[in-house]
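**Q** Read top to bottom, the protein sequences are chains A and B.
Taking numbering that gives the first Met the number 0, I'd label the letters of the first sequence as residues 0 to 189.
Taking numbering that gives the first Met the number 0, I'd label the letters of the second sequence as residues 0 to 189.
Treat the hints with care, as some may be off.
[To be verified] Below, computed lysine-lysine pairings styled on DSS-like, alpha-carbon distance capped at 30 angstroms: (1) A:Lys134 / B:Lys26; (2) A:Lys76 / B:Lys16; (3) B:Lys134 / B:Lys70; (4) B:Lys16 / A:Lys26; (5) A:Lys66 / B:Lys26; (6) B:Lys76 / B:Lys66; (7) A:Lys70 / B:Lys26; (8) A:Lys26 / B:Lys26; (9) A:Lys16 / B:Lys134; (10) A:Lys134 / A:Lys70; (11) A:Lys66 / B:Lys16; (12) B:Lys76 / A:Lys16; (13) B:Lys134 / A:Lys76; (14) B:Lys66 / B:Lys26; (15) B:Lys26 / B:Lys16; (16) B:Lys26 / B:Lys76.
[Unchecked claim] Over 10 angstroms on every C-beta distance to chain B, these chain A residues come out as not near it, computed from the model: (17) His59; (18) Val74; (19) Thr81; (20) Val86.
Just so you know, the hints here were simulated from the structure itself, not pulled from any lab data.
Treat the numbers as computed from the prediction; the structure is a model and nothing was measured.
Quick reminder that beta carbons are idealized off the backbone N, C-alpha and C, glycines included.
Protein chains: 2
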Amino acid sequence: MPSRNNHHTIVALVEDKPGVLNRIASKWRQRGFNIETLAVGHSEIPGLSRMTFTVDGATHDVEQVTKQLYKVIEVVKITDITAEDVVARELAFIRVATNNSTRSLILDIASIFRANVIDVAYDSMILEVTGDEDKIEAMYELLLPYGVKELVRTGRIAMTRGGVGMHHDDGNTRRYRSAGEGKAQVGSLL
Amino acid sequence: MPSRNNHHTIVALVEDKPGVLNRIASKWRQRGFNIETLAVGHSEIPGLSRMTFTVDGATHDVEQVTKQLYKVIEVVKITDITAEDVVARELAFIRVATNNSTRSLILDIASIFRANVIDVAYDSMILEVTGDEDKIEAMYELLLPYGVKELVRTGRIAMTRGGVGMHHDDGNTRRYRSAGEGKAQVGSLL
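Construct all of the structure, not just a fragment, from the sequences and the given hints.
**A** Printed below as a string of structure tokens:
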């Protein structure tokens, strides 16, 4: 796997329209970027999806592409959150070969990584694990000697820490924030 | 959110090369499909990524596109697993507004859905939840009255149940399966 030295995490809020993924992928392609991972799902705003990319490249080049991406009409907002303080995880399924002598050893590994067994067959099981890339790769490495038959990963999703959703500094936040409005909250503790 | 009546889940094993996502997205685009969710990550085979798409459309049309996708040189294998018995989940982060009076109510909801609190600020928290689309949507709906500030989802990943990884019926399996080879396994129980 490539080093994470030049890894960038880019979050894009885009309209749910046919062809948008194609147009966005083209912009990365034109600049020679390989999209390392990509996760696309619905956002909190109806009609908009949120895409999380990881790409490998120099910061300057990534900035150039994100500027280009604003030319895609369906792109509402795009942010490079690489330098931000974020929580970032992905989900993975790992199908590993098992037999009577290896099954309990594999369950021990699953337990260490807080992975769940989500399917069991007589000669294999599927483990579900959530975590950052390093955790998933560490678990995967430990399972390799038993025979990993299949690996599927969602790719990273990420969100900035703290009270203000940085993807919402465009004013969209307010219409979602009614619960605590008008109350003195600073200094409250859990 | 659209109904899942015509939802297809497609898994593609592809080479990690610049432009491959663009070429695949183009094929869907040409047939007028909107890619609903997409998750792309590394697979168990070095140099190959596994993509999980969900698309909405008639089975016949989806078949046509999957045939077209084999013309993309980087596509190693593509399978519509919609009719298969699969485990399928996604990961989501939900940033929800909180205050002193709502925090414990939100933690109760998190607990019911086995969601984890992964970040806390004075006026919001980020919940991490894993599950199928219905579970994530149900939790999201319950949190809406408190003020959902941000939602990011990975999109679905899926794996067929049972002992034989159907993405590996091309013979690739054998080089990963050494742990149990040659032993009598049929009839073994957990």
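**Q** Which numbered hints turn out to be false for this structure?
**A** Result: hints 1, 3, 10 and 20 break, sorted rising.
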